[in-house]
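Q: One letter stands for each residue in the lines below.
Number of protein chains: 2
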Amino acid sequence: MKLNERGLLVVMSGPSGVGKGTIRKALFRMPDNNFCYSVSMTTRKPREGEKNGVDYFFVSREEFEQRIANDELLEYAEFVGEYYGTPKSFIDKKLAEGNEVIMEIEVQGALQVREKMPEAVFIFIVPPSRQALIDRLQVRGTERTPDIEKRLEKAKREFDLAYKYDYIVVNDEVFNAADRIYAIIRAEHAKTERSIHMYNKLMEER
Amino acid sequence: MKLNERGLLVVMSGPSGVGKGTIRKALFRMPDNNFCYSVSMTTRKPREGEKNGVDYFFVSREEFEQRIANDELLEYAEFVGEYYGTPKSFIDKKLAEGNEVIMEIEVQGALQVREKMPEAVFIFIVPPSRQALIDRLQVRGTERTPDIEKRLEKAKREFDLAYKYDYIVVNDEVFNAADRIYAIIRAEHAKTERSIHMYNKLMEER
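In order, the protein sequence lines correspond to chains A and B.
In terms of numbering that gives the first Met the number 0, the first sequence has 38 at position 39, counting the first letter as 1, and numbering is strictly consecutive.
In terms of numbering that gives the first Met the number 0, the second sequence has 164 at position 165, counting the first letter as 1, and numbering is strictly consecutive.
Accuracy of the hints is not assured; some may be wrong.
Since the list can't tell identical chains apart, any single copy or any two copies may satisfy a pair.
To be verified - Below, a list of computed lysine-lysine pairs in the DSS-like style, where the Cα atoms sit at most 25 Å apart:
no. : residue 1 : residue 2
1   : 153       : 44
2   : 190       : 163
3   : 190       : 1
4   : 50        : 149
Please keep in mind that the hints were generated in silico from the structure rather than gathered at the bench.
Excised from the complex, chain A in its bound form:
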């Protein structure tokens, strides 16, 4: 019996190469989960096989800029001339339906979300060591060495932002990390500030 019926927005972040995507996939394979993805919005054209509302919400540049102006995005950024962002209305609907919305996002985006939605749960994913991150970036293989150096520099700057998150989870082993995140979600629902309202209602019933 959960004392908080509203879903949680769970923001998973951390430097590139720590394995956020793999953990997300492991999370969605957990039994009896009520997780859903946060679907991003973009101005880029859909690629072969991509579906509107599933992979992305595909919108025009005008519509995207209107959303920015109306403060309807939790975060956004521009890459190579295209906008990418997170529409708030979609997340609000899912949370009201009782779904946990899992958002996997870069560090800068996560900090934007924190400002707009402080009640979300912010989890920083870290590698078990600096060397593990270097290894992972190298395994990706396609990158040339200068790229790896650049990414490591960026990762180092991002590591220093860990203190802004609610939780730090080590990706030592994917299942462990996903399981720890699941425990965090369960614990957050039991937090007094989230559960006391329904608890008080329960106790008033005769």
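Given the coordinates of chain A, work out where chain B should sit on it, guided by the hints.
A: Then chain B, alone, in the frame of chain A:
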């Protein structure tokens, strides 16, 4: 991989009759747990089969009062002319060894502990409804009706203190409640304020 090696003091509290003892037993049956009990100290004589340091630390009235004077107890109270309390040194030792120390205690005692050890995790156990509590108190059977009335009055006053706890856990089904507490313990270890120190050390290693 846990980023916090020190154990947690987990204080389980709630009105009499909510099933704290049953949940505690279920917790200790969890696989791979590193839980240990908080052993209380008392001035009452040991009963048949009770062992010093296991069931209680049995001490003289003088020693107990010396401990009070030295501020060596996390909480204490006097019942029917005998002292009962929680020695801090035993808990500190267990926490330093990495054990989670589970303390099952009355509401008043828990609030005393909160003052001395704010870093502990405070969990308020509640029945799924008022009626469920009445049923449980009646099932205990030996009590006469006026006693149940008195206990319900006390429970009602205690319910109003739920907001002072970190978490509220419903004892709808013992295993669920214990499992939720286990999730809380795992989540608390990942909290940034508990994990960032070791995380920073990890990242410094080359």
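Q: If you check each hint against the structure, which ones fail?
A: 1, 4
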